[in-house]
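We have chain A already, so just place chain B on it with the hints.
Each chain is listed here by its residues.
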Amino acid sequence: MTAVKTTETAAPAGGTTPPALPPAVTGGARKRRRRGGAFDRALPYLLLAPALIAILWLIGFPVVSVFVTSFRQLNLGELVRGEIVWTGIDNYVTVLQDERFWTVTLRTVVFTVSVVGVSVGAGLLIALLMRVLTPWVRILLQITMLCAWAMPILASATVYIWMFDQNYGILNKTLVKLGFDQFAGHSWFGSGTSTLSVVGLLIVWQAIPFLAFSLYAGLVGVPRDLYEAAGIDGASGWQTFRAVTWPEIKSLLMMVTFLSTLWDFKVFAQIWVFKEGGPSGESTTLAVLQYLEGIAKSHFGVAAAISVLMMLILGLITFQYLRRLLQTEEGKI
Amino acid sequence: MLKKSAANVAGVLLALFFLFPTYWMITSAMKPQGSTITSDYDLVPLSVTFVNFVTAWTKPGFLSALGNSLMVTLTAVLAAIVVGITAAVAMSRFAFRGRKSFVLLMLVAQMAPFEALLIPMFLMMRDLQLYEHLSSLVLVYFAVTLPFCAWTLRGFVNGIPVELEEAAMVDGCGRWGAFQKVTLPLLGPGLVATSVFAFITAWNEFLFAKVLIRSQDRETLPVWLSGFQTAFGTDWGGAMAASVLFTVPALVFFLIVQRKMVAGVTAGAVKG
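If you're matching them up, the sequences are chains A and B in order. Going by my numbering, the first sequence wraps up at 333, each residue one higher than the last. Going by my numbering, the second sequence wraps up at 605, each residue one higher than the last.
Rather than coming from a laboratory, the hints here were simulated on the basis of the structure. Among the clues, some could well be false.
Unchecked claim - Here are some chain B residues the structure puts well away from chain A; computed CB gaps all over 12 angstroms:
#: 1; residue: Pro354
#: 2; residue: Leu407
#: 3; residue: Met439
#: 4; residue: Gly521
#: 5; residue: Lys543
#: 6; residue: Ser548
#: 7; residue: Leu588
As the list claims (entries may be wrong) - Dumping the calculated EDC-like pairs for lysine to aspartate or glutamate here, alpha-carbon to alpha-carbon at most 20 angstroms:
#: 8; chain 1: A; residue 1: Lys297; chain 2: A; residue 2: Glu83
#: 9; chain 1: A; residue 1: Lys297; chain 2: A; residue 2: Glu276
#: 10; chain 1: A; residue 1: Lys297; chain 2: A; residue 2: Asp40
#: 11; chain 1: A; residue 1: Lys177; chain 2: A; residue 2: Asp165
#: 12; chain 1: A; residue 1: Lys173; chain 2: B; residue 2: Glu499
#: 13; chain 1: B; residue 1: Lys514; chain 2: B; residue 2: Glu499
#: 14; chain 1: B; residue 1: Lys392; chain 2: B; residue 2: Asp550
#: 15; chain 1: B; residue 1: Lys337; chain 2: A; residue 2: Glu78
#: 16; chain 1: A; residue 1: Lys297; chain 2: A; residue 2: Asp165
#: 17; chain 1: B; residue 1: Lys514; chain 2: B; residue 2: Glu496
#: 18; chain 1: A; residue 1: Lys173; chain 2: B; residue 2: Glu496
#: 19; chain 1: A; residue 1: Lys177; chain 2: B; residue 2: Glu465
#: 20; chain 1: A; residue 1: Lys297; chain 2: A; residue 2: Asp98
#: 21; chain 1: A; residue 1: Lys297; chain 2: B; residue 2: Asp375
#: 22; chain 1: A; residue 1: Lys177; chain 2: A; residue 2: Asp40
#: 23; chain 1: B; residue 1: Lys433; chain 2: A; residue 2: Asp40
#: 24; chain 1: A; residue 1: Lys177; chain 2: B; residue 2: Asp375
#: 25; chain 1: B; residue 1: Lys514; chain 2: B; residue 2: Asp504
For each residue, glycine too, the CB sits at the ideal point set by N, CA and C.
In isolation and in its complexed conformation, chain A is listed as follows (with noise of 0.2 angstroms):
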């Protein structure tokens, strides 16, 4: 979903104009609307129609079937057959008494967490950075950022796994270059927390091209002459940050910090082509878990259960998110 971003913030900044005013009817169009009337009126309908039963269809049956497949017992077996069996809570308890759920929960959030906030942090800096720099320093930067943005997820992992490689990867024949002896032969995926930390570097470097060109953009939108009173009186580079900078960006920056995290919390691909959750678990993610009980173990119940479990925390920060964005948007609307 990296991708999709640009527009995501571009767009409602674009849209000021109040929408949906009824067109002026003017003395030669008014005979015809009103013998159009039934028509006109059920028009707007019959333009929704279509993305109205995609989504109900394709979304909303998704999220209702996922729910009552959490109460059932549902594996190879009953799905050949076509059989129904309502287990209630089984795979609920199933799932929580599990004490992998909880490590592979708690590693999530960590790892989310620890993404997010780099790449945050990073994308600020690398916002506020391209400010001061002389043009053709920020038009490289900002060339070299989009190439990051855009290689295919699977294609950026294939290189940071060649690059990451045991034997001939080039970081480490680089740190033996420079000396570090214990770096020949060493693998970056021989343990877990080794293993997400690479993956980590490869997501942060993908997101930190969106939030520092989204914040890039927040920040030129900051009125010059809010920063010039600022200088008149004196204030230092930090006190500057934050009486001027900070209130103007911070709405943006909750925003991109919302997306990314919901964004990151289900992360599958790079995780998977890099280690498939390995070494022996230790990356697994919820994501990575789901997958694993679902597909891999066709325990299509249990594994609707964690999905569950993945999609309250997520509708949590959504609600937080809508909420926030209702309140800042809400004549737009």
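Chain B in isolation, oriented as in the chain A frame:
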């Protein structure tokens, strides 16, 4: 002055950090076979070859995966744009009962955690007998991108003054004529931007492509590339060449949208 040059040095170092993986992907892809896997220190390539690209291109499965990816992605994005644009026009140009709740529904649907819907999606596609068919991926990617497209396009439609459409209708255009002759052309940059971001989302998607398609001849590129070790073994040159080929379409679209986005912004500025 000293502060500024320190900032510039930091900027250049950061640029190197962001560029390096791309640089390493391209140079590894262009190294002669046999000189990728070496203990020599080879940060700067000494000779250049395109053999690896030929290897990757002719690897079994690459071309069919490329075709599958293009087919699935383009179909899904086209459908999402067409359905999204009608919903966007309805949301932004009409006053009707339930409009506000529909707008909210779009906003929420956009944040639907698709990864957490893996199990019900899998079961649903199995019930629909679409499991193992590329059309299941088309449906999923359509659903993933639709709320985003509708929401974003609504923003772009809002940005077009409704007076322009009214003027066209006064001049004798019907609703459809006004939309086709006035709104649609002005929506151009927005349409391009939205469809490119939707394209990249679908182009990148891995989890559903892995779960819903098992047979090799129907794999999409991300899944094919994830098994590169079976395809390439330790032929990193070939794997990197395949990665480059996978990146090119995304990068081209990305560059298009950057220009169009700027064009869209300046167009808005002229309008005032």
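- Query: Taken at face value, is the distance from the CA of Glu465/B to the CA of Lys177/A at most 20 angstroms?
  - Reply: Since the Cα atoms of Lys177/A and Glu465/B sit roughly 49 angstroms apart, the hinted pair is violated (cutoff 20 angstroms).
- Message: For a C-alpha distance cap of 20 angstroms, please report whether Lys514/B and Glu499/B respect it.
- Response: holds (12 angstroms)
- Query: Can the restraint linking Lys173/A and Glu499/B be considered satisfied, given a maximum Cα separation of 20 angstroms?
  - Reply: Cα-Cα ~67 angstroms, so violated.
- Given the proposed pairing of Lys297/A with Asp98/A, does the C-alpha separation stay at or below 20 angstroms? holds (16 angstroms)
- Query: Is the hinted pair Lys514/B and Glu496/B satisfied, with a Cα-Cα distance of at most 20 angstroms?
  - Reply: holds (14 angstroms)
- Query: Does Lys177/A pair with Asp40/A here, judged by a C-alpha cut-off of 20 angstroms?
  - Reply: Given pair Lys177/A, Asp40/A is violated - Cα atoms ~74 angstroms apart, limit 20 angstroms.
- Item | Agreement of Lys177/A and Asp375/B with the hint, judged by alpha carbon distance not exceeding 20 angstroms | Holds, because 12 angstroms separates the two Cα atoms, which is no more than 20 angstroms.
- Task: Report holds if the minimum CB distance from Met439/B to chain A is greater than 12 angstroms, and violated otherwise.
- Result: violated (8 angstroms)
- Pair hint Lys433/B and Asp40/A, alpha-carbon separation not exceeding 20 angstroms: Holds: Lys433/B and Asp40/A sit about 19 angstroms apart, inside 20 angstroms.
- Mind verifying the non-interface call on Lys543/B? Its CB should be farther than 12 angstroms from each CB in chain A. Lys543/B is in fact no farther than 12 angstroms from some Cβ atom of chain A, at 8 angstroms.
- Query: Is Lys297/A close enough to Asp165/A, meaning Cα to Cα at most 20 angstroms?
  - Reply: Violated - the C-alpha atoms of Asp165/A and Lys297/A are around 30 angstroms apart, more than 20 angstroms.
- Query: Within a Cα-Cα threshold of 20 angstroms, do Lys297/A and Glu276/A meet the stated pairing?
  - Reply: Roughly 14 angstroms between the alpha carbons, so the hint for Lys297/A and Glu276/A holds.
The earlier numbered hints that this structure contradicts are 1, 3, 5, 7, 10, 12, 15, 16, 18, 19, 21 and 22.
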